[in-house]
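One line per chain: the protein sequences are B, X and U, in this order.
The numbering of the first sequence is the numbering used here, which starts it at 1 and goes up by one.
The numbering of the second sequence is the numbering used here, which starts it at 250 and goes up by one.
The numbering of the third sequence is the numbering used here, which starts it at 552 and goes up by one.
In case anyone wonders, no lab produced these hints; they're calculated from the structure.
No residue lacks a Cβ here, since even glycine has one placed at the ideal position from N, Cα and C.
You may find that some hints are simply not true.
DEER-style ranges, computed between Cβ atoms [stated by the list, open to error]:
#, chain 1, residue 1, chain 2, residue 2, range
1, X, 361, B, 2, 22 to 32 Å
2, X, 361, B, 32, 33 to 43 Å
3, X, 272, B, 5, 25 to 35 Å
4, B, 114, X, 270, 46 to 56 Å
5, U, 631, B, 216, 39 to 49 Å
6, B, 216, U, 661, 44 to 54 Å
7, B, 10, X, 276, 25 to 35 Å
8, U, 559, X, 366, 50 to 60 Å
9, B, 150, U, 633, 14 to 24 Å
Letter by letter, the chains look like this.
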Amino acid sequence: MYLTEPLLTDVVKKQFLHKLKAYTGVFNSLLVMQLIGIILGFGTSSGGSSSGGTLTVNYSFLTGDVPVIFTLLWAFSMGILVTTLAYRNDAFSFVSNRLSHNISSFLFLLFASVIAGTLATLAGSIIKLISSFQSDPLFAETSGLFSSPADFFIMTSTSVLYTALFASMGYVVGSFIQRSKFVLPLLIAAIFVIPLLQLNMRGQDLIANSVAFFGTETSLLLFLLKIIVTISILFAISIGVTTKTEVRK
Amino acid sequence: MTVIEFNDVTKTYGKRIVLNKMTFSIRHGVLTGIIGRNGVGKSTVMKIIAGHIQATSGDIRVFSDKPFNSLKVSANSILVDDTMSFSDKLTLKDILKEADRFYPNWDAPLAQRLFDYFSFHSDARQIDLSKGKKSTFNAIIGLASHCPLTIFDEPTTGMDTVVRKDFYRALLKDYIAHPRTILLSSHHLEEIEDLLENILLIHNKTALFHGPVTDLQEMFVSLIGKNELISTFIADIEIFSSQINGSFSEILVKNNFTPDEIKQLHTQGIQLVPVSADDAYVALTTGTKGGIDHVFNGTLVN
Amino acid sequence: MSGLISLIFIALIMWYFLQGRKKSTRQINKKWTYVFLATYAALLIIATVAVELVDTTSLNSQPKAESNEHLNRLTTAIQNGDIGSIDSSTILSKKTQTIGKTLRMNAQGNDINSTIIVERKSENDGLIEETIIKPHLLLGEYDFSDQLNYEIPEWTAYSITFLEPPLTEITYTTYQEAYLLRQFTRTSRQRNNSHHTSERQIAVHLLVPKDLIITADERLYINYINE
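With the hints as extra help, turn the sequences into a complete structure.
What follows is the structure in structure tokens.
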């Protein structure tokens, strides 16, 4: 009986295709999250009315924020989800090592991010469309597909990049959680403690700095570079953290 | 050709030592049974071989690679046990298709025939199967993958007697048709001893015995004779187990009699009877304490 | 409070997704997952295209508000009686009315709101030249002037009556793309949350004979130029 000498790239390719079939639950939850996002998108419209004398104005203010925020939350959870024990054990029922499992999971997350990010950009259209069917006039800032295709493309790219960033953050957090049970309580504690520490560290606010690092960038190209570098670092950390994990214990 | 090599392998979980400086090697194309009492680390050995877990110290070679994180080992071996799980999104049919993509030697017709024979439903999901059905399904994957190193860890858990017998028969036939290295562990040595060529007996955190089944059997012999004959005989001999049936006694002792002694025993009217591998295994792992019978019947062994 | 509820809600959703798999006979088939996903994507694309089509016809037909500078100039011109400098497109009507020695200015209703400017001529020709300037209404950054209801004053031989304008009710919705996604687009990232309302009813400019005696209802606010 001859021995096969598998190539990493072949195994990763097989696993990626496998994960497209095996991880479809990820897309079910994406649908649920975005639909909730769209429904809440209507619910959270800030509005009001002002009236004085002979004039009454009723206005409501809709944004595409909620589907995008929900998509980012989804991405973070999915990043954690694919690192969990069940998913890891599944992978090792077929040909796999930790590196190939990590790479294929990561590629899957990036693939899912592209889909989710694009859909999140489009989700606003549903809100726009349904509002426009109501009798009120609707004023939309046009970043439409036809009216400004460049803007539309930029928005989609931004959405995809942010989604990928959140998925990677979930992935690295999940990897740490899998490494040790103590990470989760520590993490939860950190979430509550870090904001308290900020009060004492003037100007050295880590969270604010990291938000500014991405949020204040004005060049899409530099932003892309920042995201790629960050994702690569997060991915490298994840691989480093999980390279000794035992499976199917 | 050596497929598996363990050299001074130690595995600890925290302070608990599971394997202590274990050394053995398994040749290519041998069907080896991994035998041991509950919790001696049979599964640990198998998981280390498959590269699922890592030894604390020592050198392990599978296909001359370190198995942990080795793609070569993963591609050429399969470990079938109760932790074998598949995504709940895949139907049994899907899983067979996926296995076909991953394992180059996959025998799709065999998988399909076994699948039909054990009457699985294509659209069922592995997670929803009963324990016995799940074991059967996993075993089909293990068989059909035709991996150069196929490892079954307690593959018959939950299977009923008929299915168990079918499985062992299928395993033997497939092994003869496609000779490869197979490791098989079971609680029931008596069920598989006819199947096995070699036995790796794990006891006291190490490999107590490794060799052909017949060698294990020949380590012991059963003496049968009248009660009074046996009791005079046993005065200065190690007894591993004993049994009294009416006026006859049967004792299990080490088979280290010289031809002269054997002749003498015959003249005394004591019969020498070969023991089963299972009895030999029990004798080897329980020592001279006399086993559970001794607890109730302390008369023979003082 | 609502923030806390939404946090709990989000945590619940995440927990639901992250919990281990359960035995379940009602799993969504992987084929159906992709069918659902494709349907959803198709709906979104259709919605995106449909919005574009609606967009070109009605959505943005509402004119954007003119610059503040322009409005200020108009207001100043009205206040100073500088009718000549006012663009003819903002003038609603112009007419001439004969009048005797006295003019009675009446008000009907409480909320007249019209700007009334009275300017005296240098002669007594027995004629009043009335110029009515269109009202304007700005809501946020949109111009709703043409939707603002107004009532032009009514004349008799010796009086003018200002009427309360009918009630105007305006309902509108604005939509902005997600804040995060506008980071690199040309549209301003500054959220225009202001629903600042700037409203002016019709302005009535009366050029009256030099010695006309005017008696006015006290509910009217009249701006006399050169007095």
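Cross-check of the supplied hints:
{"no.": "1", "hint": "361/X x 2/B: 22 to 32 Å", "verdict": "holds (24 Å)"}
{"no.": "2", "hint": "361/X x 32/B: 33 to 43 Å", "verdict": "holds (36 Å)"}
{"no.": "3", "hint": "272/X x 5/B: 25 to 35 Å", "verdict": "holds (28 Å)"}
{"no.": "4", "hint": "114/B x 270/X: 46 to 56 Å", "verdict": "holds (52 Å)"}
{"no.": "5", "hint": "631/U x 216/B: 39 to 49 Å", "verdict": "holds (47 Å)"}
{"no.": "6", "hint": "216/B x 661/U: 44 to 54 Å", "verdict": "holds (52 Å)"}
{"no.": "7", "hint": "10/B x 276/X: 25 to 35 Å", "verdict": "holds (29 Å)"}
{"no.": "8", "hint": "559/U x 366/X: 50 to 60 Å", "verdict": "holds (52 Å)"}
{"no.": "9", "hint": "150/B x 633/U: 14 to 24 Å", "verdict": "violated (45 Å)"}
Taken one by one, the earlier hints fail for this structure only at number 9.
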